[in-house]
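Chemist: Listed below, chain by chain, are the residues.
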Amino acid sequence: MTSFIASKLSCLRGQNLIFTKLDFELSNGEALVLSGENGSGKSSLIRLLAGLIKPFHGALSWNGENAFNDIASHFDNLLYIGHQNAIKSPLTLYENLEFWANLYGDGRDLKKTIDEALTAFNLTSIANNRGRILSSGQRRRLNLARLLLSNRPLWILDEPTVGLDKKSCEYLEIIIQKHRNSGGMVVLSTHIGIAIPDHKILDLNQFSTININRVAS
Amino acid sequence: MSPYFAVIKRDLLLSYRQGADLVMVLAFFLIASALFPLAVGPDPVILGRIASGIIWVLALLSVMLSLDRIFHNDYDDGALEQMEISPQSFYLIILAKIIAHWITTGIPLIILSPIIAIMLNLDNDAFITMILSLAIGTPILSLIGAIGAALSLGARRAGLLVAMLVLPLYIQILIFAISAIDASINNFPVRPHLLFLAAILAAALPLAPLAAAASIRQAFE
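Residue numbers (the working numbering), protein chains in the order written: chain A, 1 to 217; chain B, 1 to 221.
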């Protein structure tokens, strides 16, 4: 049984305390959806969970071990999809994914893995086209296809549905469901409709210091 | 494929498909060197005297102009942060990117340099030394340049900032490279100067990726 627990997390960006005393618990097969206004710290929390920024206070633990004590092994556990698509226009879709598959180095059959990832997001027909011809929705799908290149227990997705049409959202719902069925965890922030059955919700407005001040005054 | 080899392959493929970037750096190297005979006059003796200096200063500037290729694109589209949180050593990924930068910038400069040397009437005895000094020196330019490029991530007017950061650090490379070429023109032993250059390379090879990786992490904060 894997557990991913945040306790009393605070995040400081520059001079501003973005959120404080944030707790959550996540274990196998569970999904956590982050909600909150713009600027409530969803992306900051996501980057913090991905290990890109350090918490100002509090701890993030993976199976009881503090994730920031051994950040390299935390990186082994997760896949992070941010706002940016990390797609190279001069490379073909296949070459883009091939690079990431090599970097993740799971030792799986490379071609089969990449083909499956392309199929899951319905990109097979344009696999040999250069990245520059992609529409923004296709770029998003190619970026999400990275999730299928490696077996990692934790997926961290920052507004994965931006730019996706209804059909593409369904592809994403399917792979998230499969991931959870095989015991994976998902943390995602989103504004618009993606159906994630029985998920936990973390409302960041609750932890935002700015809102607390507003209420107090 | 080894992940680090995949990084090199990707960067080489990118610069091959975006060939204009490389051509522009090399064209700068050629055009700028063609300005000197016009500026100081066509006297072969004077040109031969300053040829080694021109070649090396222009090599420094050409490498500097190409430094934004190492990290900036990958920083802007989020690929660099994905590389950091990949299971591979970020230090070795950075080293692989620097090697790819040297292959696409340093080696073409080395190949082009004899043309400029002939054009500027460099002493024939000094050709081998010039190429050797560039072969040892240009990897150092890429290594130290990578630190400057990493420090300037996220900055406005990054190009000027890189110049301010990197050019002072290039001085010692210039000194030893030029003294090696001068030594070969004047029939003095060349070896000690090249060994000094090689010593700088030996220090920069392990240390520069370390500094670059630390500055990139700083940029993500």
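If you're looking for bench data, these hints aren't it; they were derived computationally from the structure.
For each residue, glycine too, the CB sits at the ideal point set by N, CA and C.
Just to be clear, a hint being listed does not mean it is correct.
The following label-pair restraints were derived from C-beta to C-beta distances [what the hints assert, rightly or not]:
hint	chain 1	residue 1	chain 2	residue 2	range
1	A	ASN151	B	LEU12	41 to 51 Å
2	B	LEU205	A	ILE201	47 to 57 Å
3	A	PHE56	B	ILE131	45 to 55 Å
4	B	PRO114	A	GLU65	23 to 33 Å
5	B	ALA198	A	ILE174	16 to 26 Å
6	A	ASP203	B	ALA32	40 to 50 Å
7	A	LYS54	B	ILE46	52 to 62 Å
8	A	GLY107	B	ALA39	17 to 27 Å
9	B	LEU167	A	LYS54	26 to 36 Å
10	B	MET24	A	GLY107	37 to 47 Å
11	B	LEU205	A	ASP203	10 to 20 Å
Chemist: Each hint needs a verdict: does it hold in this structure or not?
Modeler: Results of checking the hints against the structure:
{"no.": "1", "hint": "ASN151/A with LEU12/B: 41 to 51 Å", "result": "violated (29 Å)"}
{"no.": "2", "hint": "LEU205/B with ILE201/A: 47 to 57 Å", "result": "holds (50 Å)"}
{"no.": "3", "hint": "PHE56/A with ILE131/B: 45 to 55 Å", "result": "holds (53 Å)"}
{"no.": "4", "hint": "PRO114/B with GLU65/A: 23 to 33 Å", "result": "violated (58 Å)"}
{"no.": "5", "hint": "ALA198/B with ILE174/A: 16 to 26 Å", "result": "violated (57 Å)"}
{"no.": "6", "hint": "ASP203/A with ALA32/B: 40 to 50 Å", "result": "violated (59 Å)"}
{"no.": "7", "hint": "LYS54/A with ILE46/B: 52 to 62 Å", "result": "holds (58 Å)"}
{"no.": "8", "hint": "GLY107/A with ALA39/B: 17 to 27 Å", "result": "violated (59 Å)"}
{"no.": "9", "hint": "LEU167/B with LYS54/A: 26 to 36 Å", "result": "holds (33 Å)"}
{"no.": "10", "hint": "MET24/B with GLY107/A: 37 to 47 Å", "result": "holds (40 Å)"}
{"no.": "11", "hint": "LEU205/B with ASP203/A: 10 to 20 Å", "result": "violated (50 Å)"}
In summary, the structure is inconsistent with hints 1, 4, 5, 6, 8 and 11 from the numbered list given earlier, while agreeing with the others.
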